[in-house]
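Residues per chain, in single letters:
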Amino acid sequence: MAHAATAARPPERGLDVYTQKVGMWVFLCSEVMFFAGLIGSYVVLRFGASSSWAEPNEVLNVTVTAINTFILICSSVTMVKAFAAAEAGDQKGIKTYLLATTALGALFLGVQVYEYYELIFHQSWAGSHGFTPQAGLYGATFFTMTGFHGFHVLLGVICLGWATIRAYQGHWGADNTHGLEVLGLYWHFVDLVWIILFTIVYLI
Amino acid sequence: MATIVAEAPGQATGHAEHEQSFLRKYIFSSDHKIIAIQFLFLTLFFLAVGGLLAMMMRYQIAWPDQPIPGGGILPESMVASGYILPEFYNALVTMHGSIMVFLAIMPMLVGVYANYLIPLQLGTHDMAFPRLNMYSFWLMVPAGIITLASFWVIGGAAGAGWTLYAPLSARPDLTGVELGQVMWLVALIFIGLSSILGSVNYITTTINMRAPGMTWFRMPLTIWALFITAILALLAMPVLSAAGIMLLFDQTLGTSFFLPEGGGQPLLWQHLFWFFGHPEVYILILPAMGFVSEILATGSRKPVFGYKAMVWAIVAIAFLGFIVWGHHMFMSGMNPTLGLSFTVSTLLIAVPSAIKTFNWMGTMWRGNLKLHTPMLFAISFVALFAIGGLSGVFMAATPVDIYIHDTYFIVAHLHYVLFGGSLFALFGAIYYWFPKMFGRMMSEKWGKVHFWTTFVLYNLVFFPMHGLGMVGMMRRIYDSTGYAHLEGIQDTNQLITVAAFGLYLTGFIFAFNFFWSIFKGKKASRNPWDATTLEWQTPSPPKHGNWDEVPVVYHGPHEYSHPDVLDKDWLAQNERPDVVSPAAGSH
Amino acid sequence: MSEAGEHTASVASSDHEHEAPKYMLIWLYLFILTVAEVGVALLDVLPKWVIVVSLLAMAVWKAVLVAMYYMHLKFEPSRLRLVAVAPLPAVAIMIIVIMMEYVL
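Chains as they are written, first to last, in our numbering: chain L, 3 to 206; chain C, 158 to 744; chain Z, 48 to 151.
Read the hints as simulated data drawn from the structure, not as lab findings.
There may be inaccurate statements among the hints.
What the hints assert, rightly or not - In the DSS-like style, the derived pairs of lysine-lysine whose C-alpha atoms are separated by at most 30 Å in a straight line are:
#, chain 1, residue 1, chain 2, residue 2
1, C, K602, C, K465
2, C, K680, C, K605
3, C, K527, C, K700
4, L, K94, Z, K121
5, C, K677, C, K700
6, C, K680, C, K602
7, Z, K95, L, K97
8, C, K680, C, K700
9, L, K94, Z, K95
10, L, K23, L, K94
11, L, K23, C, K700
12, C, K700, C, K725
13, L, K23, C, K182
14, Z, K69, L, K97
15, C, K465, C, K677
16, C, K677, C, K182
17, L, K23, Z, K69
18, C, K700, C, K679
19, C, K182, C, K725
20, C, K602, C, K527
21, Z, K121, L, K23
22, C, K680, C, K527
23, C, K602, C, K725
24, C, K527, C, K679
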């Protein structure tokens with residue numbers, strides 16, 4: 003059986019994008035569906051519910067969360083700047099911006115934990131003390147959606163922390179940016195979901 | 158996230174001779190072929206478990222007033238003085254379906270064959286993310302353990318149906334099952350994650366790692382089917398995860414997403430579950446269709462009839478599969494206008510399936526048929542799937558479905574497509590790719606015995622169920638002898654049960670052949686079927702890394718009986734006709 | 048993938064060189080939109096449906112900005128953009144059809 007000579011031809015044109023980036027985008031598609039399941043359920047339940055759905059501003063602290071939203075957006079900026087620094091080979095920039103991103107992400111989480119604490123222990127709802135996951139559909143959907151988003155933020159912060167440690171070991175540079183870019187994609191996605199969540203849950 | 162350097166195809170692999178420990182090579186392996194074989198052992202085991210549960214169900218249906226032989230070994234909470242308890246029967250029904258779908262058929266179709274075939278048929282060294290692939294497999298192990306353990310906890314295994322309809326599934330006071338239900342949902346989360354991570358691998362590898370010359374429309378139909386299946390899984394499983402988490406919270410945290418007394422919506426569960434559930438059943442059939450196309454072409458020594466139409470049919474089935482889910486809900490009380498639109502879309506989806514059926518027949522037409530075991534299973538797939546699809550057309554029409562919903566007519570339909578369809582195709586695939594996986598042939602004689610006994614007994618079990626459904630035998634009932642309208646069906650039920658016991662025994666013929674052949678089967682050549690796709694152009698089994706240098710692909714995947722090739726009736730994808738048969742004109 | 052990878056990298060770095068200032072501009076847009084959103088919601092002077100539509104529009108606008116610029120989609124091959132938007136029709140179908148239970 004004749005074996006064709008293996009010419010040194012390039013592989014088939016895929017997406018013209020390196021494999022790890024393709025993989026992360028494909029993974030993010032599944033995350034879109036996951037959050038769509040949670041957020042879609044919230045929309046349907048609220049839309050079909052009787053009038054007993056409280057105004058978000060009566061229960062939730064919109065101002066604090068608006069600031070928290072802004073914190074997360076800032077962390078996206080520092081993330082792209084970290085990546086840009088890596089591409090330019092600016093080691094100091096990589097360390098600074100990765101550290102900033104990790105810190106801002108952790109700050110976001112901290113504010114959310116504080117918010118949960120305030121809601122569960124100090125916020126009254128429908129006559130009873132404490133706004134918890136058991137506080138009707140509102141509480142159930144609120145804590146599930148923001149809780150799972152927060153879980154994704156936590157995973158992101160852990161990875162960012164690891165990436166920052168690697169930065170201090172000089173791991174990233176102009177010839178090694180892919181890991182940072184892919185991590186950045188995940189982080190921006192988490193920010194993007196929050197932009198949608200914040201609007202739908204806190205403002206509408 | 159460690160930097161995983163993607164190896165460019167075309168370069169010599171760096172997987173040189175570093176000696177790996179036994180643990181690293183066979184247990185915690187990142188080699189897609191080993192992972193596939195691990196999936197195969199796991200899923201064959203759960204196939205046997207799922208079948209055993211069905212045997213117990215069948216005994217109860219046939220002889221509801223008699224103790225089950227050997228029932229004494231089971232605890233009193235399941236089998237009281239030898240009699241299967243109604244609660245245990247509910248668990249049997251639920252777990253038979255759940256285990257078969259999630260721990261047997263789906264992972265066998267995808268976890269085994271997507272893993273095994275995608276890198277080999279595309280001509281690359283391994284998956285895009287080999288370590289992630291390993292995690293995908295190992296996530297299934299706790300899922301399996303938790304599932305089996307759930308039978309032995311207080312309250313027993315989940316008992317609200319594989320569809321987990323709320324509020325029943327969320328109310329332990331109604332089912333008597335508390336921990337078991339939670340355990341199954343936890344297992345589902347592991348399974349979902351495994352499936353999603355696997356899909357990331359399959360999709361990325363197919364997009365980005367094809368060998369030179371392997372354009373999209375030169376990929377084998379098996380790859381097309383597995384690729385589209387992975388997209389379905391990627392988009393559908395997360396919705397199940399979201400819904401499952403909400404159900405879990407209803408059970409454990411006191412929320413009321415689906416509980417009416419708390420303001421929740423039971424119909425929301427059904428919509429979310431079936432939004433996942435319908436793409437899921439296409440996940441369960443598309444890879445099987447891919448295998449069948451491949452085996453039929455090889456066994457007919459002809460290209461697949463209408464290759465491009467077959468590709469577009471797969472795409473159409475997948476796309477339409479996202480807008481038909483309501484046909485599982487005609488009797489749920491959902492908005493009737495939705496019922497109309499779902500009827501239309503469901504009838505539409507019969508069209509691409511029919512195109513595929515006719516194209517399979519066209520493939521075999523006037524072919525030089527080699528009726529070996531894989532071919533027998535593939536041919537019967539076409540017939541049995543057609544029967545299953547035809548019964549589906551009945552159910553698609555809402556007025557008919559009002560009558561046959563939740564009867565044995567549905568049970569007949571689903572088993573014709575899942576067993577007569579998917580499992581028959583899987584048997585064919587196992588026999589077909591066994592030589593490549595293990596370097597040995599399965600016994601052809603015992604393969605044929607397995608095929609014929611399975612085919613006859615299978616039809617004896619499931620065909621009569623169409624009739625049972627038409628006279629109104631309900632699904633999931635523990636004892637049908639008390640109903641006036643069901644007088645006279647007990648004989649049929651007993652016949653079915655006896656045939657089912659026989660069917661289960663044929664599994665032992667297969668199992669013996671399978672395990673014996675791994676060690677003692679006739680040594681297989683590189684290409685025992687004279688097949689054209691790339692996996693047959695490597696040693697059996699292929700080495701770690703598959704290729705020293707990746708092949709170059711020159712033409713489509715099923716070039717059998719090529720007019721320019723004179724001395725043999727097949728042309729491998731990496732062979733050029735003018736090189737093979739120098740007398741041939743340029744092609 | 049080395050050839051394609053190098054090519055993408057060289058194109059990307061030249062993209063990024065004149066692009067770095069744009070990140071801060073996008074950040075400014077995001078800040079303004081966030082303030083506008085909170086303003087529209089808290090001031091509550093417009094009819095409810097106007098509030099809902101404008102809030103959703105602003106949220107989507109922010110999301111698109113993040114996706115196009117921070118996630119670099121604007122500069123990626125169009126096939127990758129196709130992958131990124133692929134789930135959206137499925138999401139739309141799911142939410143719209145389930146909503147119809149309560150609307151029709």
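Verification of the hints:
no.: 1; hint: C:K602 with C:K465; result: 36 Å, violated
no.: 2; hint: C:K680 with C:K605; result: 19 Å, holds
no.: 3; hint: C:K527 with C:K700; result: 29 Å, holds
no.: 4; hint: L:K94 with Z:K121; result: 28 Å, holds
no.: 5; hint: C:K677 with C:K700; result: 20 Å, holds
no.: 6; hint: C:K680 with C:K602; result: 16 Å, holds
no.: 7; hint: Z:K95 with L:K97; result: 46 Å, violated
no.: 8; hint: C:K680 with C:K700; result: 16 Å, holds
no.: 9; hint: L:K94 with Z:K95; result: 49 Å, violated
no.: 10; hint: L:K23 with L:K94; result: 25 Å, holds
no.: 11; hint: L:K23 with C:K700; result: 28 Å, holds
no.: 12; hint: C:K700 with C:K725; result: 27 Å, holds
no.: 13; hint: L:K23 with C:K182; result: 28 Å, holds
no.: 14; hint: Z:K69 with L:K97; result: 21 Å, holds
no.: 15; hint: C:K465 with C:K677; result: 41 Å, violated
no.: 16; hint: C:K677 with C:K182; result: 22 Å, holds
no.: 17; hint: L:K23 with Z:K69; result: 22 Å, holds
no.: 18; hint: C:K700 with C:K679; result: 19 Å, holds
no.: 19; hint: C:K182 with C:K725; result: 38 Å, violated
no.: 20; hint: C:K602 with C:K527; result: 15 Å, holds
no.: 21; hint: Z:K121 with L:K23; result: 15 Å, holds
no.: 22; hint: C:K680 with C:K527; result: 20 Å, holds
no.: 23; hint: C:K602 with C:K725; result: 26 Å, holds
no.: 24; hint: C:K527 with C:K679; result: 19 Å, holds
In terms of the numbered hints stated before, the structure departs from hints 1, 7, 9, 15 and 19, listed from lowest to highest.
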